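Trainee: Sequence:
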Amino acid sequence: MNRERQEAGMIILYRGRGILTFFTFIFVIAAEDWLMRKMGRSSRCDYASLFAWSVAFINWVIGRYLNRNALEARRGLLSRLFYNAPHQFLGLPMELWSIPLFAFGFFCFLG
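Each residue of the sequence shown is one higher than the last, beginning at 980 in the numbering used here.
Any given hint could turn out to be false.
[To be verified] Beta-carbon label-pair distances, calculated as ranges:
hint : residue 1 : residue 2 : range
1    : Gly1055   : Arg1016   : 40 to 50 angstroms
2    : Pro1065   : Ala1027   : 43 to 53 angstroms
3    : Pro1065   : Leu1014   : 31 to 41 angstroms
4    : Arg1020   : Phe1086   : 19 to 29 angstroms
5    : Val1040   : Arg994    : 11 to 21 angstroms
6    : Ser1058   : Met1018   : 18 to 28 angstroms
7    : Glu1051   : Ala1009   : 16 to 26 angstroms
8    : Ser1058   : Arg1016   : 37 to 47 angstroms
9    : Leu1014   : Phe1085   : 14 to 24 angstroms
10   : Gly1019   : Glu1051   : 41 to 51 angstroms
11   : Arg994    : Arg1059   : 29 to 39 angstroms
12   : Arg1020   : Arg1054   : 37 to 47 angstroms
13   : Met1018   : Glu1051   : 35 to 45 angstroms
Hints listed in this document are in silico derivations from the structure and should not be mistaken for laboratory results. Note that this is a predicted model, so its numbers are computed, not measured. Idealized CB from N, CA, C, for every residue including glycine.
From just these sequences and the hints, can you work out the full model?
Mentor: Next up, the structure:
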């Protein structure tokens, strides 16, 4: 019975402190939702781009800070985006997850 419970668990792939990407997303969205409610705004859909851009910026800063030692000797755009970072989430460097979040915010802003 205990073995069945262990096998049915959720798997999140991360390396180093890469799990902070997931927690950053949850924390920033919760904090902004709380702030919007305090300001008296009820619709979260109107601020989806703000939420996505905030998460993207904070995640980029945290990821670059944590992976700064691995980036010092890198040259070129692709080698600075796709590299064997010590802190990864789902096999990609932490800061790389900010690019799709920023794009999502851009499309929410347009749409």
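Trainee: Looking back at the numbered hints, which does the structure fail to meet, lowest number first?
Mentor: The structure conflicts with hints 2, 6, 7, 11, although it agrees with all the remaining ones.
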